[in-house]
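**Q** What follows is each chain in one-letter form.
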Amino acid sequence: MFMAKDESGALARFGVTDRDIEQALGRVKVSNVDYADLYFEYCQSESVSMEEGIVKRATKSIGQGVGVRATAGEKTGFAYSDELTSKDLNIAADTARYIANSTQGTAPVPVTHRPALARNLYPHDRANVEVATGDRVTLLNAIDAEARRYDPRIKNVMAAYNTEYKVMLVATSDGVMVGDIQPLSRLQVTCIAEENGNRQVGTFGGGGRIGLEYFQNDQRYLQFAREAAREAILNLSAVDAPAGVMPVVLGGGWPGILLHEAIGHGLEADFNRKKTSAFSSLVGKRVASDVCTIVDDGTLPFRRGSLNVDDEGTPTSRTVLIERGILRGYITDKLNARLMGIPLTGNGRRESYQSVVLPRMTNTFMLAGESDPEDIIKSVKNGLYAVSFGGGQVDITNGKFVFSASEAYLIENGKITRPVKGATLIGSGPDILTKVSMVGHDLKLDEGIGTCGKEGQSVPVGVGLPTIRIDEITVGGTKA
Amino acid sequence: MTMTREIAAPDYTHLAQDLLARAGKHGATAADVMVADGETLSVQVRMGAVDRLTKAREKRLGLRVFFGQRSASASTSDFSPDSLDRFVGETCALAKAVVEDPVSGLPEPGHYAAECPDLNIYDATKLQTDQQIDLALRAERAAFAADSRITNSEGGECDSSSGRIILANSHGFFGHYANSSFSLSVSPIASNDAGMQRDYWYGVNRAFSKLESPEAIGQEATRRTVRKLGARKVPTGRVPVLFDPEVAGSLLSHLSSALSGYALYKGASFLIGQLGRQIAPEFVTIYDDGRMPGGLGTRPFDGEGLPTRKQAMVERGRLTSYLLDTYSGKKLGLPSTGNASRSIGESPSAGPTNFYMVPGTTGPEQILATVKQGLYVTDLIGFGINMVTGDYSRGASGFWIENGELAYPVEEITIAGNLKQMYATIETIGSDLVFRGRIASPTVKIAEMMVAGN
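Same order as they appear, the protein sequences are chains A and B.
Residues 200 to 679 (our numbering) make up the first sequence, in order.
Residues -16 to 437 (our numbering) make up the second sequence, in order.
In isolation and in its complexed conformation, chain A is listed as follows (with noise of 0.2 Å):
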């Protein structure tokens, strides 16, 4: 959060004025529009990428402009202009407005600047966020150098840094304005592997919100460079996934990308308004064996999904989602929070200023359980043990959702065997969670590499997972 010289700084950016926005608030703030914001937005990102030893690549966008939304009971209207001048401030204040059958207010909404919030997530040095492309440069060499060395069958190596730097200003008719500088980094790792005509792909990425050194410390880089060639050289000798239903074993941290699917979108506000979710009508009722709390927290320090406020200006939250497996609540925006009379829990996020705010997680996770991870691998007789996934997608409606492994093994007769080829699982959601019935004590968050996409709108998430035993799952594998 920044500090209120910075914030006026900030608008000097934007070249508007306190006035200007009052003007524009007061434009579309009519008495039958419930609520209205302005939101500010400049973003700055850059990405640098090598391929064949070649850091070759070298990109650099820029953009900014303000988005206008109106809210009238369920309605929304929103605009948006990347030019900032208070004429076209003007027009897409009237333009939001038109949902609400209103000629334009004439009373100016005064707004008073909220001072800074105590904590800070993610302080940060502006220049250690604008990294200079040689630094960058440098350690993308380095990953290519390190992933060769790890084994000559590393054919290709291909790596992109990608940084982004976002000044957010929130203006709302509550009368209240908000600014937020949000930094976000990633560092990406692909290599492929070839042997005897066999050619496999690993990967290994993270970040958050955070610059340069946290990939520096500890030469964090080089591991993330061994971590994809190890994937890949691993997958040469992976052997086909099995088919069918059986119990799967899911390792720490990115795995889950379950929480997520599984559950967490259906528990997004909107689909529970307008009851499309398969979670609609389960709020106080069993959806997870007793084992499982999860929770979902935008307040992490640095990481990828956390926020000091989301983009209507609330602070944001840990929300209990699911409490020893009983479903406790919804994630919600200001409009879903209102038409629902339920609490606002700081989850209202959009891609930029030119899309409408949804309620989105933030960071998911599940909190960490008791028995240990070698005892939940002993327990299985004969299933699959997988620890890095791919993507995810989810059928609100229905709740059917999958993941796809990309690094998994069998597991045979209690112990972990061969590695088997990427396979989709598939479940349901409201359902899944009831076969949860071992949880270890080795709670771990993801590296920071997710990215949500919902509604074509694409914003940076986290998640988390313990060691976990599901007794059923159909896993898509080609081997009967």
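A couple of the hints might just be wrong.
As the list claims (entries may be wrong) - In silico SDA-like pairs for lysine to any residue, Cα to Cα no more than 20 Å straight-line:
(1) B:249 - A:643
(2) A:643 - A:568
(3) A:678 - B:408
Stated by the list, open to error - Anything over 12 Å on all C-beta distances counts as not near chain A; from chain B, calculated:
(4) 59
(5) 91
(6) 93
(7) 94
(8) 97
(9) 100
(10) 138
(11) 211
(12) 256
(13) 303
(14) 324
(15) 341
(16) 370
What the hints contain is simulated information worked out from the structure, not anything from laboratory work.
Here a beta-carbon is modelled for each residue, glycine too, at the ideal position from N, C-alpha and C.
With the hints as your guide, set chain B onto chain A.
**A** Same frame as chain A, now just chain B:
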């Protein structure tokens, strides 16, 4: 209700030329500039009322500069003269910081698109907000009216957009075109004792007059939704699999990704070394056609200014071409195929324009009749596709086929195989090709795949 108009927008010709000149002053040896602007109006309705109205006008420019064989790209939405001056300087600084790439550069002069033929991709019809609201409401109403089991809705949506693209480079190429898009969709929800199911249907066209009626779209959405009620799992096993045209299009989309020159030279495609080889049965022919009149992937020139064309990608089962831009072509020792695709401010990549499988002569019902026991897939979810190996495993739903007929709906199953194998074992292709996007396929029957269920 409609009126026509010219796009009244600033002339960016001078802006593009000015940026090229400024890049030259900074020492760039070559450069290209792409400017895009456009406007959109999106209307979403739900349960008979307006849910969301979005209106915007936006612009963006992208600059790519070369310093010998070093290059960088950047984009901005801030067109003020001071900002642009800084922007050109920063882009040039970025290029000087990367490593020389001996293959980099603009296409050679003499190959650029000489003219911009009218390809029917711009319709000047301007819809009024109330007209779009009416279309979306009618589509949703038609969905509800079609079946009493439709009890809820994710809503109807009607969008219109128009835009312009300008591309100019330091070799003297200058080209521009305008395009438009009109779309209408509805997503009803059906419910009964067995639970809820959702599906949707849509129309999209560059010409408003060719958009299907809201009633037709609403009724089809409902037909697709109610038939899913009561879906169940099926036993695990190996069976013939039919892909309806919508999901068969996704198989073509994977093929086009594997044919991209970038995937190929990086060693990240399952089709490496297959040019000239038989990859599918003789009755399979696939085209990429950048000049198809009114096509959603149609454009007069590609992202580098080279002319688009119609070319066979797979001819009688033999792989005859990759999808290439200048850079990936050079890496593979081949000329560009005019398939440079370009996001503003990115260097080009290579991708399809209008990419489709030539239909066969067998109707989808006839194909169904050949299956004693099998799966008819209508929906696929998830990302279980390994482009390096072709390994394929996705969540599926659709219908179980028994004795040539759809017996009952199925869900919570996966289908798995390998894309190379799947293409090699296509058994029949349908006669039912309809363009509803840039990539289009008729019904496809694959001899056998692994289905995982109970």
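**Q** Hints broken by the structure, by number, lowest first?
**A** 1, 4, 10, 11, 12 and 16
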